[in-house]
Every structure is written in structure tokens, then in C-alpha cells.
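Residues per chain are reported as follows:
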Amino acid sequence: MKVLKFGAVWCSGCLVMKPRWAEIETENPWLKNEMHDFDQDKEAVEKYGITDTLPAFIFLDKNGNEFLRLTGEVDKDKLVEIINQNKDR
Amino acid sequence: MKKVFSIVLAVFLFAGLFCALPAKALTSNNVDLYLFWGDGCPHCAKEKAFLAEILPNYPNAKLNTYEIYHSQVNVNLMQQAAEKLGVDAGGVPFLIIGDEDFVGYADGITDKEIESRIKYCSENSCPDTVGSILKSTNQNTKTKYNEAENKNEAKSDNATAKKLIKLPFIGEVDAMNFSLPILTIFMGAVDGFNPCAMWTLLFLISLLLGLKSRRRMWLLGIAFIVASAFVYFMFMAAWLQLILFLGFIVWVRVVIGLVATAAGGYNLRSYIKEKNDSGCKVTGSEKRQLVFAKMKAIAQQNSLWLALGGIILLAFAVNLVELVCSAGFPAVYTQVLSLSNLTNWQYYGYILLYIFFFMIDDIIIFAIAMITLKATGISTKYGKWSKLIGGILMLILGILLIFKPEWLMFG
Chain L
28 MKVLKFGAVW CSGCLVMKPR WAEIETENPW LKNEMHDFDQ DKEAVEKYGI
78 TDTLPAFIFL DKNGNEFLRL TGEVDKDKLV EIINQNKDR
Chain P
7 MKKVFSIVLA VFLFAGLFCA LPAKALTSNN VDLYLFWGDG CPHCAKEKAF
57 LAEILPNYPN AKLNTYEIYH SQVNVNLMQQ AAEKLGVDAG GVPFLIIGDE
107 DFVGYADGIT DKEIESRIKY CSENSCPDTV GSILKSTNQN TKTKYNEAEN
157 KNEAKSDNAT AKKLIKLPFI GEVDAMNFSL PILTIFMGAV DGFNPCAMWT
207 LLFLISLLLG LKSRRRMWLL GIAFIVASAF VYFMFMAAWL QLILFLGFIV
257 WVRVVIGLVA TAAGGYNLRS YIKEKNDSGC KVTGSEKRQL VFAKMKAIAQ
307 QNSLWLALGG IILLAFAVNL VELVCSAGFP AVYTQVLSLS NLTNWQYYGY
357 ILLYIFFFMI DDIIIFAIAM ITLKATGIST KYGKWSKLIG GILMLILGIL
407 LIFKPEWLMF G
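These protein sequences, in sequence, are chains L and P.
Every number in this note's numbering is 27 more than the matching position in the first sequence, counting from 1.
Every number in this note's numbering is 6 more than the matching position in the second sequence, counting from 1.
Please note that a few of the clues may not be correct.
Restricting the straight-line Cα-Cα distance to at most 25 Å, the calculated cross-link-like pairs of lysine-lysine (DSS-like) are [claimed, not checked]:
| id | chain 1 | residue 1 | chain 2 | residue 2 |
| --- | --- | --- | --- | --- |
| 1 | L | 69 | P | 302 |
| 2 | L | 105 | P | 287 |
| 3 | P | 118 | P | 68 |
| 4 | L | 103 | P | 125 |
| 5 | P | 52 | P | 281 |
| 6 | L | 59 | L | 103 |
| 7 | P | 279 | L | 74 |
| 8 | L | 103 | L | 89 |
| 9 | L | 32 | P | 387 |
| 10 | P | 218 | L | 32 |
| 11 | L | 59 | P | 380 |
| 12 | L | 45 | P | 390 |
| 13 | L | 69 | P | 293 |
| 14 | L | 69 | P | 300 |
| 15 | L | 45 | P | 218 |
| 16 | P | 410 | L | 32 |
| 17 | P | 281 | L | 103 |
| 18 | P | 281 | L | 105 |
For the record, the hints were derived by calculation from the structure and aren't laboratory data.
Sequences are here, hints too, so could you generate the full structure?
This is the structure:
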């Protein structure tokens, strides 16, 4: 499983999510993840159709297929639950 | 010789009599002043204070006052008088001396015009427009006018008595004086969570964190925050002056009340619509890119003075553009402020207090980022709450501005 994270320096919600993800990644070192800046990484933004709300989190399975998309501020507990439920995908 | 002396004396006495007659006439014409005023209207209070100060110098002048906010009878009289004079009585204070009217009151302008008119009518006989209307009505109506005025005075006295409230540990507090600072702090803080101009500060912090010099980081950030506050202060001060100038026109207050009600409704609608959404909306991408590029160029300037100048100019430009997005709250607040009878320094003091609480979230975010060297954000859920609280507040203020402006008159 891999998580693509889309954010921007001007978005306060993205800054709020940063430490939450940092904790999750420390607790789950196996979790693959990529950070994309909305203003810098236009190719990825277009590819994944990020057009409405930031931050956006896209969950990909082993084959690179998207199986879940979350936007906005998400509780750490909810993210941990999703990751644990889908760690084998 | 005796005869010549008698003739000269007679001529002097005769001439003296002629000279004395106009001199007597200078002060003997009775002048009736008819002041239509509103309970709690600050301009009316100023005009009344001015008249109370100068009228003892004119014993021939008599002031008749008619309160119009609580008396339809007095409104009718004002309209009749305005109609007779062929003028539009759009607001109070509305003063009639003879056949001339004075709408509104401005220190240094209206006061001079009023005194000059009193002098003129003392020296020359002026037609008593309102007096003739009163004469043409029967005694019952006259009594009604007086009753309306007396009732209103009693109402004002009751209102004054109700202003004092007892608070535990603090004691007796004048609610009217206490309410304005509370309203200022509350509105400033709620407005502060409006995300309109926050994105630029976050942009700047992200750039500043990449700089090596801490002194430069603090200086540029503080310069940006102070310049942003200054733009907001200038906007609010200009708006306040405009409202103070136009404040006597009833419809200006009503229009602002309607705008506040509409803005409150819009905010509540957005809250309900986006209740379950969080995060930042992706809009204005091109504007953001442009600002970011300029900010980057400025922050990386070798000369600190050039960087400082650039950041101040950018803060001015960005905040002026963002004013369109965040003008609602300051406009309504300054309207409420203008209803209060305050001195100039008090008006500006309250604006500064509002701006301090408006900027407090920016100051906290900036200080945390500079101390921890990590960019921090305030959860977007506070922005949503500010929409709900701000929406309710705007709705209440809008309705009060239209129907009960006297409830918003402090001081």
C-alpha cells in the first residue's frame, strides 16, 4: 500500500496534517508514501485530478490502483484504522 | 445760546433714539429653534450639547426638541415641516430655524452655520415655519407632541438606569460602556479566523523558514504583519469617517443593516453546506503563483532594506486585494462604532483593539513558526466555527441596525 499526499504551503489544514502523518510514518516505517506540492507538482496534481480541496490523500494498492481518497483534515485514529485494515493490499 | 443747546440736545436725543432702536432690535426678535433628534444618535447628542452651550448667550432664542425614533407624531411634524420648506428630511439631527434647515451635525461647520443663523434671525425677523404648522394644528395635537417628547425623556432615563449591572467580584458595571470593548474583542477575534489573508502569511513563513538569519526572519515577518494591520486600520478608519459623515442619513444605516443580514445568511448557508467538509478550497491558483514568486524574490534579496521595503509593499498590495473578501465584518463594526458617542481617540482606540484581536491568530502562528522553526496551521475547523458564529453575529447586528439601532449605541 502506498499513500500519496497532496498539500500546499498556504493551506493551514495541510500544515495541521503534517505532524499527524509524521507520527503515523514513524509508527509504521513500512508504509510507502509520497508528498506532492499542489503548486509545484502540476503533473501529479493533474494525473490524480486534485481540483477542489486540500489536503488530499490518495491510497494506492500494490498495483498502483486507487482504492480510497480522503480530503481535508482527517483524525489520526481514522488514518491508522484505514492503514491497518488495508496494509496487505 | 440756550435755544441752540436745546436744538442740539434734541437732535442728539432723536438720533440716539434712532440708533438705539436697531440696537434693541438686534436682540429682541424671538427665535424659535426646532430640533428633531433621535434617542442615542451621537450627532444629535453633539448638536444638543452645542446648543446647550451657546443658547444662554441668546436669551431671545428658544429650543424646542422633538424625538423621532419613538414618536410617530413627531415624525409627522418633521415631515410636514420638511415638506413646507421643500427639503428632504432624510435623517437626524434635523434643525429648523425660521425657514432654514440644517441636516446632520459636523463640528466646525454646522455649529458655525447654526450660530450665524441664530444671529441673523435675532437681527432680522425670520418666518417661523414650524411654529405656523403648530399653530394651525389644534391644542390636542400640541399636547401630543409634548407627551411624545416627555415619554421619550422618561424612556431615556429608564434606559440610563438599566445600564448599571452588578457583577460578582467586579461590582457595579455600566453595561453600555462594558459592552463595546467586549463586542470589539469578539468581532475582531471572529473576523481573524476569516481565511482570506491567512494564506499569504503561511506563504511567507514557508519562505522565511528557509533563511539562515533568524533576525531577518523575525524582521520580515513582523514587517508583513504590521503592514497588513496598517492597511486594515486605514480601511477601517476611512470607512468610519465616511459613516460618521453620512451617519445621519437613515438609509445608510439601513443599507448596511441589510448587507450585514445578507452576509450573515450567506455565512450560515456556507456553514451548513460545508459542515462536514474540512480543508482548504483550491481557488485563485494564478494569483497565488504570482504572489509566491514575488515573495520569493523579495525574501531572497541581499539587502535587508530592499527586502523590508518589498515585503511592506507586497503586504499592502495583497491586503488591499483581499479586502474585497474580508470587508464585511469591519464595515459592520465601524457602523456600530459610529452609532456610539465617542471622542476621536476613542474611535481609533477601538479600531486598534479590533485589529489587535483580528491579527492575534496571525501573530501566534508566526511566533510559533519562528520559535520552533516549523510551519504551523490553525485547524480549518476554526474557520468553519467562525462562519457559524460570525454568521449569527452579522444576522443579529444587521437586524438591530435596521430595527433597533439604539441598542447598539454605546457610550
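Practice prompt. With a cut-off of 25 Å on the C-alpha distance, tell me whether residue 59/L and residue 103/L pass.
Written response: holds (17 Å)
Discussion item. Need the status of pair residue 279/P, residue 74/L: alpha-carbon distance at most 25 Å?
Written reply: violated (28 Å)
Worksheet item: Would the pair residue 103/L and residue 125/P pass a check requiring their Cα atoms to be no farther apart than 25 Å?
Response: violated (79 Å)
Worksheet item: Are the Cα positions of residue 281/P and residue 103/L separated by 25 Å at most?
Response: Satisfied, since the Cα-Cα distance of roughly 20 Å is no more than 25 Å.
Discussion item. Tell me if the straight-line CA distance from residue 69/L to residue 293/P falls inside 25 Å.
Written reply: Status holds; Cα separation ~16 Å.
Practice prompt. Assess, step by step, whether the Cα of residue 52/P is no farther than 25 Å from the Cα of residue 281/P, and give holds or violated.
Written response: Distance of about 47 Å is beyond 25 Å: violated.
Worksheet item: Going straight from one Cα to the other, do residue 45/L and residue 390/P come out at no more than 25 Å?
Response: holds (20 Å)
Worksheet item: Under the criterion that the straight-line Cα-Cα distance not exceed 25 Å, is the pair residue 103/L, residue 89/L satisfied?
Response: Within the cut-off at roughly 23 Å; holds.
Fill in: Holds or violated: residue 281/P to residue 105/L, with C-alpha atoms at most 25 Å apart
holds (19 Å)
Fill in: Pairwise hint evaluation, residue 287/P against residue 105/L, where the allowed Cα distance is 25 Å at most
holds (22 Å)
Worksheet item: CA of residue 69/L to CA of residue 300/P, is that 25 Å or under?
Response: holds (20 Å)
Worksheet item: Given the hint that residue 118/P pairs with residue 68/P, does the C-alpha gap stay at or below 25 Å?
Response: holds (18 Å)
Of the numbered hints stated above, those contradicted by the structure are hints 4, 5, 7, 10, 16, listed in ascending order.
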